[in-house]
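Visitor: Here's the letter readout for the chains.
Number of protein chains: 2
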Amino acid sequence: MTTRHPLRVGLFAFDDVEELDLVGPYEVLAAWSAVSALRPEVLVFSTDGNGVRCAKGLRVVPDCSREDADDLHVLLHPGGKGTRRLAEDTTHLSWLRALRPITPLMTSVCTGALPYAAAGLLAGRPVTTHWQAVGELTALDPSVQIDTEARFVDDGDVITSAGVSAGIDMALHLVARLESTAVAREVRRAIQYDPAPPV
Amino acid sequence: MTTRHPLRVGLFAFDDVEELDLVGPYEVLAAWSAVSALRPEVLVFSTDGNGVRCAKGLRVVPDCSREDADDLHVLLHPGGKGTRRLAEDTTHLSWLRALRPITPLMTSVCTGALPYAAAGLLAGRPVTTHWQAVGELTALDPSVQIDTEARFVDDGDVITSAGVSAGIDMALHLVARLESTAVAREVRRAIQYDPAPPV
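For the protein sequence lines, the chains are A and B, in the order given. Under the numbering used here, think of the first position of the first sequence as 1, with each following residue one higher. Under the numbering used here, think of the first position of the second sequence as 1, with each following residue one higher.
Don't read these hints as lab results, they were simulated from the structure. No residue lacks a Cβ here, since even glycine has one placed at the ideal position from N, Cα and C. One or more hints might be untrue.
[To be verified] Residues from chain B that face chain A, not an exhaustive set, calculated with beta carbons under 8 Å:
hint: 1; residue: Gly24
hint: 2; residue: Leu58
hint: 3; residue: Val60
hint: 4; residue: Val61
hint: 5; residue: Val164
hint: 6; residue: Ala196
[Stated by the list, open to error] If you anchor each label on the Cβ, the simulated ranges turn out as follows:
hint: 7; chain 1: B; residue 1: Thr148; chain 2: A; residue 2: Ala182; range: 19 to 27 Å
hint: 8; chain 1: A; residue 1: Ala150; chain 2: B; residue 2: Arg185; range: 20 to 28 Å
hint: 9; chain 1: A; residue 1: Thr181; chain 2: B; residue 2: Pro101; range: 48 to 56 Å
hint: 10; chain 1: A; residue 1: Thr181; chain 2: B; residue 2: Ile102; range: 46 to 54 Å
hint: 11; chain 1: B; residue 1: Pro104; chain 2: A; residue 2: Glu149; range: 39 to 47 Å
hint: 12; chain 1: A; residue 1: Asp48; chain 2: B; residue 2: Pro104; range: 40 to 48 Å
Could you build all of it, start to finish, from the sequences and the hints given here?
Guide: Printed below as a string of structure tokens:
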């Protein structure tokens, strides 16, 4: 296996992925790629390389298949209702287990933590997930330590984040960790991320 | 022309649309549709109904063409580098002008304000845009009154928002305005929008 890129980041798209789980981090990471000295490669892939229909109905065409998304430095597994099926899909879980030893950083957004837990990757670890999925995550692996207050939990080679929009914050953290706080701030400024929820 | 739906919301997708400009509001509005008593119809359309390649490379397949996205109650025009071309596209500008009298609410995210300004729709109005596009917007229409501090500006039948991620806040405002603060809070909770930028 040749190393295709020093810093390859793959976002996994699947049927019933939650739209913002995928595109929030994608925006941050792609904006990072545009300004970074490290020039990370950011790609979206699906299992078979075909397009997916997201949870709310948006259709997205990935860059490549799972097979071609190899040599990842970072895997980002979004959430969405499709994760329940993935958490029972033995092929998907075997793929996640095979990735673990060769992928320095495995990250999830929202219920992306469910397949990770089902694959046994979160055993005994501090994690987080969507507030509504705490029970499901515990049922999959009672040994996980769920932080229900955290926006994201960085446990070294695993980073999990809270629901949907939390992926944006987690992705900014990734930029800061993998490059620098200064570059992460530049990305934040580029996407004018000065959130002010009006309700 | 028959009214297809009492509350039809159309998000315009185009080549070089900024990913989060489109998908941030889409997530909010689709999450609204899932819980709303008004059952808004939320659709993504492109000029010809074909797929688009977004500014950072993501490919999105719309629900329909511009022609089929008629009878809109709300138009949402995202930004992205493709707006510079659209602001010089006389067909696009004619379409925007034709929509104005039949579309109760025209909204923009980020540089989506540029085609609106080029079409003459923002003359003399208080508006906002991405912080980097203030000069471009003024050049297109010196009569616009740009609020560089606002997250979004609601001027009745036009709502403009600041850069990229500001579309999420604007969309939550739309939900509050068109249905209720309580429902907008429910949407906010569903997407766990308790932003905490780590940098």
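Visitor: Now tell me if each hint is right for this structure.
Guide: Verification of the supplied hints:
Restraint check, Gly24(B) versus chain A: the minimum CB separation of about 7 Å is within 8 Å; hint holds. Of the supplied interface hints, the one on Leu58(B) holds, with its beta-carbon coming within about 6 Å of a beta-carbon of chain A, less than 8 Å. Because the beta carbon of Val60(B) sits about 6 Å from the nearest beta carbon in chain A, less than 8 Å, this interface hint is met. A hinted interface residue such as Val61(B) counts as satisfied when its beta carbon comes closer than 8 Å to some beta carbon of chain A; here the least separation is about 4 Å, so the hint holds.
A hinted interface residue such as Val164(B) counts as satisfied when its beta carbon comes closer than 8 Å to some beta carbon of chain A; here the least separation is about 4 Å, so the hint holds. For Ala196(B), the suggested interface contact is upheld, since its CB lies about 4 Å from the closest CB of chain A, less than 8 Å. Taking the beta carbon of each, Thr148(B) and Ala182(A) are about 23 Å apart, inside 19 to 27 Å as hinted. Take Ala150(A) and Arg185(B): their Cβ atoms lie about 22 Å apart, and the range 20 to 28 Å holds.
A beta carbon spacing of about 49 Å between Thr181(A) and Pro101(B) agrees with the range 48 to 56 Å that was offered as a hint. Taking 46 to 54 Å as the suggested C-beta distance range, the pair Thr181(A) and Ile102(B) conforms, at roughly 48 Å. For the pair Pro104(B) and Glu149(A), the beta carbons lie near 41 Å from each other, so the given range of 39 to 47 Å is met. Here the CB-CB span from Asp48(A) to Pro104(B) is close to 43 Å, well matched to the stated 40 to 48 Å.
Hint violations for this structure: none, all hints satisfied.
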